[in-house]
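Asker: Please build the complex by placing chain B on the supplied structure of chain A, with the hints as guidance.
Number of protein chains: 2
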Amino acid sequence: MIRVGLIQMRMVEDSKANWAEAEARMVEAAAKGANLVVLPELFLTPYFCQKEDPALFDLAETIPGPTTQKLSGLAKKLGIVVVGSLFEKRAPGIYHNTAVVLEKDGSLSGIYRKMHIPHDPLFYEKYYFTPGDLGFKSFATSVGKIGVLICWDQWFPEAARATALSGAQILVYPTAIGWHPPEKDAYGEAQREAWELSQRAHALANGVFVASVNRVGFEANGQGEGKSGLEFWGNSFVSDPFARVLVRASTHATEVQVVECDLAKIEDTRRNWPFLRDRRVDSYENVSKRWAD
Amino acid sequence: MIRVGLIQMRMVEDSKANWAEAEARMVEAAAKGANLVVLPELFLTPYFCQKEDPALFDLAETIPGPTTQKLSGLAKKLGIVVVGSLFEKRAPGIYHNTAVVLEKDGSLSGIYRKMHIPHDPLFYEKYYFTPGDLGFKSFATSVGKIGVLICWDQWFPEAARATALSGAQILVYPTAIGWHPPEKDAYGEAQREAWELSQRAHALANGVFVASVNRVGFEANGQGEGKSGLEFWGNSFVSDPFARVLVRASTHATEVQVVECDLAKIEDTRRNWPFLRDRRVDSYENVSKRWAD
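Same order as they appear, the protein sequences are chains A and B. According to my numbering, the stretch in the first sequence is residues 1 to 293, in order. According to my numbering, the stretch in the second sequence is residues 1 to 293, in order.
If you're looking for bench data, these hints aren't it; they were derived computationally from the structure. Don't be surprised by glycine CBs; every beta carbon is placed ideally from N, CA and C. Heads up, some of the hints might be wrong.
Stated by the list, open to error - In silico contact screen, one side only, chain B against chain A (beta carbon under 8 Å); selected entries: (1) Leu56; (2) Gly135; (3) Ala162; (4) Arg192; (5) Ala194; (6) Arg279; (7) Arg280; (8) Tyr284; (9) Val287; (10) Lys289.
Unchecked claim - Negatives, chain A to chain B, calculated, CB over 12 Å: (11) Arg3; (12) Gly65; (13) Met115; (14) Ile117; (15) Val287.
Extracted from the complex, chain A is given alone in its bound form:
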């Protein structure tokens, strides 16, 4: 049984304050029985990719490095598996958006480097992050086999599929997604619904659990007029392999949700909906093309 703890947080400018908040919430999740906790994407900082500024590469750190160490210490102290998300400095000029998986004994189970990198208004990630080069994989931990993907990856069925085929029982998505206030009235609810739907579909197609952990709060980008910035929409959730939402957090509040994921449901769902049996693996070659022209 995985008892996954979702740490939905509001970030501030001060990284020390963000760490203190994350730590307190991880302690809370463990107290509520979580044996796996997932932090939001880039939990140590505001979502700095709203601007393109070379000085912001100073936020990056090595892995292992100070934050990996702190997460490791906390994982060991609390006796839980932890998935954290960091701005990784790999080498001068090579930076990644990376998740670390820490075992309950504090050891580093492995890292995942975000494969799909967005670059759209106020999500200028291609400026900062070299696309991941470790591929799609899952991590064998004391609580089960955990597939780790990050935010923009959640729109790509191939990422979920490849990770599930590596044995993942749960896909976890540290996330930073939000509304552009000027378009929220017209598109906001449809955007949030599409985001959840896409990930529930991954759970269903692959017969796995999915846990997505988002941040909350408005973050101004310090450029443009007044409300220029992003309103992160929370709504962290867990889906079971049948695409049923087991829990959905609020839109605006910092909160900790702990959800039981009964891994026997994976076998049961896959027996009753045997998609993996029937895949036409002889015929998917065009999926690896940009466009089949």
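Answerer: Okay, now just chain B, sitting in the frame of chain A:
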């Protein structure tokens, strides 16, 4: 602009009656402005795959053959594109679950042979249908580029992806899906919702329209006690590229729905959610594996 007509039907034993019903409903759809109509899966017969009976192979016919001819004549008479679904006799011992695409001038644009074949309680399709060997493709017609997939295909993101990458603007799914009455109370609504969600996710991931056309009515399988059989759940629908449901038919009634699909929404959605730009086509090789062990 594609104006897609969904022909949601109840089938009876008599194939001539099913044809007459389909013909009347296609005339109705054309009168309502449809320039593309889609029939349910295997619309000429009850869903015979509820049993395994060698005599039922007599239901199959060649393509072209009598039903293709009749569909062709009607397409020409009404001046519309038609997608029909047939039990195809290709050669003695080789039968397929096949869709035909007829142009508005009555010519055969092409055929699609169902690639993913189910085989589960009362859906004994592997007994009848050789898996398709034509791959995933779309058909250039006078109303747009149409991708055709069939029923069980709708659970496989790879099928939708490969078809969309071949240029499809709309994916159409002739379908025969229903409830097992004994499990309907416990799982019925979750099953129907999962079915719709899976296909809306294909629309979203690929920036295409999706139209799914199901049958309605309870069909006894003539075996077992009393209510042994399937209750087809209707709920034919169209999703836009943003995963918004444009129309959803009823659960129990024969009905014709005609829906406008503004193809400009494809470009617009793909610009704002540029998933196709960011796909990691260098890294999807495991998607073509059965299991990545």
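Asker: Given a cut of 8 Å on the nearest C-beta pair, is the interface hint for B:Leu56 held or broken against chain A?
Answerer: 22 Å, violated
Asker: Is the shortest C-beta separation between B:Arg280 and chain A less than 8 Å?
Answerer: 5 Å, holds
Asker: Does B:Ala194 meet its interface restraint, that is, does its C-beta lie within less than 8 Å of any C-beta in chain A?
Answerer: Where the cut-off is 8 Å and the nearest Cβ of chain A is about 5 Å from B:Ala194, the hint holds.
Asker: Taking the closest Cβ pair, is B:Ala162 under 8 Å from chain A?
Answerer: Holds - the Cβ of B:Ala162 comes within 8 Å of chain A, reaching about 4 Å at its closest.
Asker: Mind verifying the non-interface call on A:Gly65? Its CB should be farther than 12 Å from each CB in chain B.
Answerer: 26 Å, holds
Asker: Interface hint check: B:Arg192, Cβ to nearest Cβ on chain A, cutoff 8 Å. Holds or violated?
Answerer: Because about 11 Å separates B:Arg192 from the closest Cβ in chain A, which is outside the 8 Å limit, the hint is violated.
Asker: Close enough to count: is the Cβ of B:Val287 nearer than 8 Å to one in chain A?
Answerer: 5 Å, holds
Asker: Quick one, is the B:Tyr284 hint okay against chain A at 8 Å, beta carbons?
Answerer: 5 Å, holds
Asker: Are B:Arg279 and chain A close enough, Cβ to Cβ, to be under 8 Å, as the hint says?
Answerer: Because about 7 Å separates B:Arg279 from the closest Cβ in chain A, which is inside the 8 Å limit, the hint holds.
Asker: Against chain B, does A:Ile117 keep a CB gap of more than 12 Å to every residue?
Answerer: Non-interface label on A:Ile117 violated, nearest chain B Cβ at 7 Å vs cutoff 12 Å.
Asker: Against chain A, run the beta carbon of B:Lys289 and see if the smallest gap drops under 8 Å.
Answerer: 6 Å, holds
Asker: Examine each Cβ of chain B, and state whether all of them lie more than 12 Å from the Cβ of A:Val287.
Answerer: Non-interface label on A:Val287 violated, nearest chain B Cβ at 5 Å vs cutoff 12 Å.
Of the hints listed earlier, those the structure fails to meet are numbers 1, 4, 13, 14, 15, in rising order.
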